[in-house]
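*Asks:* Each chain, letter by letter, is given below.
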Amino acid sequence: MPAHPHLLGNYVPGSTPVHRAPLWSKAVLLLAIGILTILLQGPLERTVLLCVAVAVHLLARLPVKRLWMSVRLMWFFLIVIIAYQTWVNGWQDAWALVAGILACIFAANILTSTTEIQVLLDGVVKASRPFERFGAHPEKFALTIAIMLRSIPFIVGAFDDVRNAAMARGLERNPRARVLPVVITTVAYARQTGQALAARGLGDDQSPDAP
Amino acid sequence: MEGIAFHDASVTIEAPSGPGTTILQPTSLTLDGQRTAVIGANGSGKSTLLRLINGLLLPSSGSVTVQGLDTSRQGRDIRNRVGFVFTDPISQLVMPTPLEDVELSLRKRHSSPSERRAAAMEVLGTYGLSHLADNSVYELSGGERQLVALTSVLAVDPDILVLDEPNTLLDLRNTQLLQRTLAGLRQQLVMATHDLQLAATFERVLVVHDGAVILDGGPEEAIGFYRALCSDDDRWAEPAGNQS
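For the protein sequence lines, the chains are F and D, in the order given. Add 740 to a position in the first sequence, counting from 1, and you land on the number used in the numbering used here. Add 2 to a position in the second sequence, counting from 1, and you land on the number used in the numbering used here.
Just so you know, the hints here were simulated from the structure itself, not pulled from any lab data. Hints may contain errors.
Said to hold, decoys possible - Which bits of chain D does chain F cover? Going by a derived footprint, with three or more residues having C-beta under 8 Å, they are:
{"#": "1", "region": "7-15"}
{"#": "2", "region": "176-189"}
{"#": "3", "region": "194-201"}
Claimed, not checked - Pulled a few chain F residues facing chain D out of the computed Cβ check, cut under 10 Å:
{"#": "4", "residue": "879"}
{"#": "5", "residue": "893"}
{"#": "6", "residue": "895"}
{"#": "7", "residue": "939"}
The beta-carbon is built from N, C-alpha and C at its ideal position, and this holds for glycine as well.
Construct the entire structure; sequences and hints are all you get.
*Replies:* Next comes the structure, spelled out in structure tokens:
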């Protein structure tokens, strides 16, 4: 698999106020946008939320193209949603729905783009410490987040690679040639990642003394 | 204390119906030398043999022990002592940058973020990789990636290092770089490789063929035997259509 450095979730170094802001404040922003998206369902309110997310993105001096890259995997579904909602409920509801989705994605992107991953992991560990008494494993939570952030761009890359391979063979219109290899690649990737983690003893910390 | 010991260890892949396939015949041997190479054709069982060492794979019968610990019962302890390097480093590197990946290895040892970062930088410096600390792992060359993967494993200072064809994806320059790094390590090394020149630098070489260790000896004897084996094996004979 070729390199796919344009990663959603990749930290973009910087010294803007957003970069310097403590992790909890960015987590609150994300949570607030998520909750407000549920509570405020009108197109105007959702547009304001979207504008807030874009404004913070620009304040963090993140490249504008990252906005597109964070949603490029789902553009097809967004178009389907817009088309269906416009047909059923009208364009205003369709826009409200899509604006809410975009606002949440952009807010999540701000968090991961302006926070070093180790800071993020330490934050997750700290936040999940209270749940240890219920059997939670904070380090495993953090590891799960790290794996998730690593996996999304890899899967996006798999789509790109498979599309190119299908085009090279003249199969770009064959859904099976476009989807099946991605599934197989993703499963193989998951297995490799699992083996690599096991080999490094990551995730072993609180597990029973078994392989 | 003994190093790595296989006690009649075999691996069989169960089939839904039928007897299953044996990918490693019952094997008994002890690896206690400093540097052991494992050579053999693709699919011969090299990786299976290596994966038994740190419990990535458990024997279907028999047992494997490392420093007296059984891989079937004490896998966690063994993985703290045995580092494993895969062929493709990108599948091994979990974090986006070398610094963060080494930090991930050190999370168990250093809870303080600042201490962890300093320790990670020190480890990268030890292996001459400080200048790559903040690069994306996706933008490194194959050799650099493999060295970063190796460094992430060495960060926790294992006693034994198992490497599964670490130079298969590397060009000559990067192979030599890797070779120089490996030469300076204190760890006991067990490495599968197709690179016979590299294998020749090891003290001991195992030849694996059809799921069995068929020769265990010095590099000259083992490599000569393997070359002869490849020459004699019908599977490598020239296809009839190509014969002049």
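*Asks:* All hints are to be evaluated individually against the structure, with a verdict given for each.
*Replies:* Structure-based check of all given hints:
1. 7-15: Since three or more residues must qualify, the claim that chain F covers the region 7-15 of chain D is violated, with 0 doing so at under 8 Å.
2. 176-189: With 0 residues close enough to chain F, the hint is violated.
3. 194-201: n = 0 at 8 Å, threshold three: violated.
4. 879: 7 Å, holds
5. 893: 9 Å, holds
6. 895: 14 Å, violated
7. 939: With a closest approach of 4 Å, the residue 939 of chain F hint holds.
Hint compliance for this structure: hints 1, 2, 3, 6 are not met, and every other hint is.
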